[in-house]
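Engineer: For reference, the chains in residue letters:
Number of protein chains: 4
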Amino acid sequence: MQDVLIRTLEKVELRDPILIEGLPGVGNVGKLAADYLRDQLPAKPLATIYSKFFPPQVYVGENGVIRLVSNDLSYWKAPASSPHDLLVLGGDYQGISPEGQYEITERVLDYCSGLGVHEVFTLAGFAQGRMVEEPKVLGAATHLSRVETMKKFGVVFSRTDPGGGLIGASGLFLGLGRLFGMEGVCLMGETSGYFVDPHSAEAVLKVLSQVLLLSLDFTSLEAKAREIDRIAQKIHEAEQRPSETSGAAAPREDLGYIG
Amino acid sequence: MQDVLIRTLEKVELRDPILIEGLPGVGNVGKLAADYLRDQLPAKPLATIYSKFFPPQVYVGENGVIRLVSNDLSYWKAPASSPHDLLVLGGDYQGISPEGQYEITERVLDYCSGLGVHEVFTLAGFAQGRMVEEPKVLGAATHLSRVETMKKFGVVFSRTDPGGGLIGASGLFLGLGRLFGMEGVCLMGETSGYFVDPHSAEAVLKVLSQVLLLSLDFTSLEAKAREIDRIAQKIHEAEQRPSETSGAAAPREDLGYIG
Amino acid sequence: MQDVLIRTLEKVELRDPILIEGLPGVGNVGKLAADYLRDQLPAKPLATIYSKFFPPQVYVGENGVIRLVSNDLSYWKAPASSPHDLLVLGGDYQGISPEGQYEITERVLDYCSGLGVHEVFTLAGFAQGRMVEEPKVLGAATHLSRVETMKKFGVVFSRTDPGGGLIGASGLFLGLGRLFGMEGVCLMGETSGYFVDPHSAEAVLKVLSQVLLLSLDFTSLEAKAREIDRIAQKIHEAEQRPSETSGAAAPREDLGYIG
Amino acid sequence: MQDVLIRTLEKVELRDPILIEGLPGVGNVGKLAADYLRDQLPAKPLATIYSKFFPPQVYVGENGVIRLVSNDLSYWKAPASSPHDLLVLGGDYQGISPEGQYEITERVLDYCSGLGVHEVFTLAGFAQGRMVEEPKVLGAATHLSRVETMKKFGVVFSRTDPGGGLIGASGLFLGLGRLFGMEGVCLMGETSGYFVDPHSAEAVLKVLSQVLLLSLDFTSLEAKAREIDRIAQKIHEAEQRPSETSGAAAPREDLGYIG
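Residue numbers (my numbering), protein chains in the order written: chain C, 3 to 261; chain W, 3 to 261; chain H, 3 to 261; chain D, 3 to 261.
For reference, chain C alone in the conformation it holds in the complex:
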């Protein structure tokens, strides 16, 4: 089979579209942000991306109907006042091998290039290894001019973070994107790295919405963040009571399922 199979669901003409990528990763920040953005705009399904570099897996919906794991491209027609329509890339997985990451990213970029994309935002989490109260948004970009612009939106460009660079889709969409003549920015929300973090996703989306002049309603993302906070608090309390540690196991496991 083709290594990466892109099924177009609808033929659309887009005005100078900007690609926004958010796939599963650290704290699921990128995926939470991209999925939330897609739902809020709302963006409509444009193409489904299947690949042998994803796990050989189908999900089963509550109604019993299966769905092959995929990445998904949605589009949003901006009002006439905006020069840019949007493309949102989300999905179940990143490629599960290094080679798969390259192959999928390159094919999606090639496809998006054909749709007229010249600009990419990638959304991700940055694991701090400690609890983060007020997540900052760190940045990296393909061009110095982009760095300067992003600083005006409060994005932090640290001399030391991320020290080892960016690994995975959020970095690769910028790195390979340059080879397609695209400019791009990675927005990384600080997060503990211990569980899914809607709070960090919100911080990332707030920057993005300012940059793209989108007015988003963050109510339900904030609700999700409070739910996580509540569970984290419970775990914290349970850990304070060493004689009852076994009672803390259940809520801790719940954390992975919220997203």
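Quick caveat, the hints were computed from the structure, so don't treat them as lab data.
One or more of the hints may lead you astray.
Unchecked claim - Chain D is faced by these chain C residues, among others (derived, beta-carbon under 7 Å):
{"id": "1", "residue": "L168"}
{"id": "2", "residue": "L174"}
{"id": "3", "residue": "L216"}
To be verified - Here are the simulated SDA-like pairs of lysine to any residue, each with C-alpha atoms no more than 25 Å apart in a straight line:
{"id": "4", "chain 1": "W", "residue 1": "K13", "chain 2": "H", "residue 2": "G183"}
{"id": "5", "chain 1": "C", "residue 1": "K226", "chain 2": "W", "residue 2": "G165"}
{"id": "6", "chain 1": "D", "residue 1": "K138", "chain 2": "H", "residue 2": "N65"}
{"id": "7", "chain 1": "C", "residue 1": "K138", "chain 2": "D", "residue 2": "G63"}
{"id": "8", "chain 1": "C", "residue 1": "K153", "chain 2": "D", "residue 2": "Y61"}
{"id": "9", "chain 1": "D", "residue 1": "K226", "chain 2": "D", "residue 2": "M3"}
{"id": "10", "chain 1": "H", "residue 1": "K13", "chain 2": "H", "residue 2": "S115"}
{"id": "11", "chain 1": "D", "residue 1": "K154", "chain 2": "H", "residue 2": "Y61"}
{"id": "12", "chain 1": "W", "residue 1": "K226", "chain 2": "W", "residue 2": "D94"}
{"id": "13", "chain 1": "H", "residue 1": "K138", "chain 2": "H", "residue 2": "K79"}
{"id": "14", "chain 1": "C", "residue 1": "K13", "chain 2": "W", "residue 2": "G183"}
{"id": "15", "chain 1": "C", "residue 1": "K208", "chain 2": "D", "residue 2": "N65"}
{"id": "16", "chain 1": "C", "residue 1": "K153", "chain 2": "C", "residue 2": "H120"}
{"id": "17", "chain 1": "C", "residue 1": "K226", "chain 2": "W", "residue 2": "G167"}
{"id": "18", "chain 1": "D", "residue 1": "K138", "chain 2": "H", "residue 2": "K79"}
{"id": "19", "chain 1": "H", "residue 1": "K79", "chain 2": "H", "residue 2": "S160"}
{"id": "20", "chain 1": "H", "residue 1": "K13", "chain 2": "D", "residue 2": "F182"}
{"id": "21", "chain 1": "D", "residue 1": "K138", "chain 2": "H", "residue 2": "G183"}
{"id": "22", "chain 1": "C", "residue 1": "K46", "chain 2": "C", "residue 2": "K153"}
{"id": "23", "chain 1": "W", "residue 1": "K154", "chain 2": "C", "residue 2": "E15"}
{"id": "24", "chain 1": "C", "residue 1": "K154", "chain 2": "D", "residue 2": "G63"}
{"id": "25", "chain 1": "D", "residue 1": "K226", "chain 2": "D", "residue 2": "K154"}
{"id": "26", "chain 1": "C", "residue 1": "K154", "chain 2": "D", "residue 2": "N65"}
The C-beta atom is built at its ideal place from N, Cα and C for all residues, glycine as well.
Using the hints, position chains W, H and D against chain C.
Structural biologist: Chains W, H and D in isolation, oriented as in the chain C frame:
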């Protein structure tokens, strides 16, 4: 070499054939069911599938003659009263890498599509992690109409199981099958997951035979199930006698070889 | 690059040649036997096989000159009294991934098929997990007629061994060889599996030389076998003296280097 | 995407160029040497090599601008007195799989062959597993005549080292280079193998500069070597004081970042 090599053994014309897949997996339920179905119909060899995504291995028969590991497609000409001939896919292994799973499944589906297949049943086990007295048959399907039909045959569509979706051939034949325009159902027999389970395979086959209006003789499958029960019972008894635990090792190991 | 690159060193016409394969494996029995056969005939270099499925490695000779790891095909022109010239395949490695095993074997078989090969002998070790005084030679074959013929030469075809089949080149050359219309036999010398075993290699070669009517001088192979016996004996003695166990480390390590 | 993508940055005509390879490896000796050589000549960017066999990673510069991991080819136009221009290959990674190593090396050699390269020097470290005061330079070569020449420059060709051959790019550029009709030498600086070793890189470069009649200034490489020595000394002192071992952790970690 070709990634997947399909050798046709006999050219046949089939009437609107239905593909039934059962490969090694949880409790070997799918393979037990598919092999038993093939022998009972009986289905005749149609094609042998070799692949570099299988282990580099040959089996040696009791007569000393080797056989390269493979998957195997058999066909059964239904009586004129039935609108559907059957194809049964069994074999020694699933693809041993994620990419191999995709490649093999896609090629087999392509081949079956050429034979006129529009409908697929995949047979599998569902590991409950505990002993199962009366295995239920869980389901998943490509289309909601299929879900509704299967419910009439007692198939259970749970909101929560299988929570992580289906991994491997039984899911992939449905997920990729949809891309070939096929409709399909996965039938999963509950099983402990600890050893091969002819009892669960029988439950799955009973549903399938009702759906396809086949009359199968389950005598020898039931005999195999009783043999497993007997060994499991021995292990259980041995475990009740902690002072003689070492004596339980031998029968436990036997379990893997029955199939 | 090509997955498998075969460089022909000399163009030769061969009379109905038989391929004999012996690559590194259990006890290095196959490689010891094939290399010894090549040197005794002696067979001359015919082709070198490079592949990205071998390790990315060069060996450095005592003179400081490097050599890329490879498999190597040698030929021997039989006297007019024999209907079969011989091809001997040896080398540094088997393919290091399952897919690599398939690719390399298929390409070598294709190449040998072009040279007129219809018959293959593969040489290997069979690990018994215990010391073997008088190694028997076990067999497996592509056709029942071959099994019958081999029995006359004392080859043992066991109902139970090898239970899990043959894994690696020695099995694959037979399994894929059948797809090229070749007949073949695998000769497996019993061995402990703990170290290289020239004694077992000699047992295998003796059968082969009878089958192919070759008269080989086994003097130096027997010398190598005695050297191994001597070291094994030293280790055994050292292990009998628990107070000096540390002194046994050095000779034990030596075992791996004899071959 | 292409497995290996070579982007030419400048079209140049080179006079009988010699390729010098130094990629990350043991003690980072090869990379330190190649990078230092490139900076001292100085060599100018010629081509960037991307590959799906590198990690899916971008580095972020201090200015916030990203760069996809790559290998990089630089060129140096020698003065008229020298018959050979130089090509220097450095980079972030070697291929991360055996197959990737082969693919990348073969493509780079093919590209360099097109530029007229007939001669290769590969630079590497040789791990001794003990501290090395005065690193010798060990050698291996494609041809015996090269061995003889190198001996005159003090390069050591040991009968026993490297016993297991050379693994990775430094060996493969010679081994595959021979298939391109290239002659080559590997220069291996002795090193402990415990941390990056500019001292060993200097020893290697000194030999190379004598062979190629280059006059290099080693001042800053020596400064780097002294810095490493100073840190190693600190660690050594800390280890002598068992009661304060925890204080030694920080400087030890620093070692990996100097290069």
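Engineer: Run every hint past the structure and note whether it holds.
Structural biologist: Hint-by-hint comparison with the structure:
Because the beta carbon of C:L168 sits about 5 Å from the nearest beta carbon in chain D, less than 7 Å, this interface hint is met. Restraint check, C:L174 versus chain D: the minimum CB separation of about 5 Å is within 7 Å; hint holds. For C:L216, the interface hint is violated, since its Cβ never comes within 7 Å of a Cβ in chain D; the closest pair sits about 24 Å apart. Restraint check: the Cα-Cα separation between W:K13 and H:G183 comes to about 21 Å, which is no more than 25 Å; the hinted pair holds.
The straight-line distance between the Cα atoms of C:K226 and W:G165 is roughly 21 Å, inside the 25 Å bound, and the hint therefore holds. Distance restraint check for D:K138 and H:N65: the Cα-Cα separation of roughly 18 Å lies within the 25 Å cut-off, and the hinted pair is therefore satisfied. In summary, the hint linking C:K138 to D:G63 is supported, as the alpha carbons are separated by about 19 Å, within the 25 Å threshold. Pair hint C:K153 plus D:Y61 holds up; C-alpha atoms about 19 Å apart against a cutoff of 25 Å.
A hinted pair counts as satisfied when its Cα atoms are at most 25 Å apart, and D:K226 with D:M3 does not qualify at roughly 39 Å. Proposed proximity of H:K13 and H:S115 is supported: the alpha carbons are some 15 Å apart, at most 25 Å. The hinted pair formed by D:K154 and H:Y61 meets the criterion: a straight-line CA distance of about 23 Å does not exceed 25 Å. The straight-line distance between the Cα atoms of W:K226 and W:D94 is roughly 19 Å, inside the 25 Å bound, and the hint therefore holds.
Restraint check for H:K138 and H:K79: not satisfied, since their Cα atoms lie roughly 30 Å apart, outside the 25 Å limit. With a CA separation close to 21 Å, the supplied pair C:K13 and W:G183 stays within the 25 Å bound. For the hint pairing C:K208 with D:N65, the CA-to-CA distance comes to about 23 Å; that is within 25 Å, so the pair holds. Distance restraint check for C:K153 and C:H120: the Cα-Cα separation of roughly 21 Å lies within the 25 Å cut-off, and the hinted pair is therefore satisfied.
A hinted pair counts as satisfied when its Cα atoms are at most 25 Å apart, and C:K226 with W:G167 qualifies at roughly 24 Å. Under the criterion of a C-alpha separation no larger than 25 Å, the hint pairing D:K138 with H:K79 is inconsistent with the structure, at around 48 Å. Restraint check for H:K79 and H:S160: the C-alpha separation of about 34 Å exceeds 25 Å, so the hint is violated. Distance restraint check for H:K13 and D:F182: the Cα-Cα separation of roughly 21 Å lies within the 25 Å cut-off, and the hinted pair is therefore satisfied.
This hinted pair does not check out: D:K138 and H:G183 have alpha carbons roughly 56 Å apart, beyond 25 Å. The hinted pair formed by C:K46 and C:K153 fails the criterion: a straight-line CA distance of about 31 Å is larger than 25 Å. With a C-alpha separation of about 46 Å, the suggested pair W:K154 and C:E15 falls outside the 25 Å cut-off, and the hint is violated. A C-alpha spacing of about 19 Å is found between C:K154 and D:G63, which places the hinted pair at or below 25 Å, so the restraint holds.
A hinted pair counts as satisfied when its Cα atoms are at most 25 Å apart, and D:K226 with D:K154 does not qualify at roughly 29 Å. Distance restraint check for C:K154 and D:N65: the Cα-Cα separation of roughly 15 Å lies within the 25 Å cut-off, and the hinted pair is therefore satisfied.
Violation of the numbered hints given earlier is confined to hints 3, 9, 13, 18, 19, 21, 22, 23, 25; the remaining hints are satisfied by the structure.
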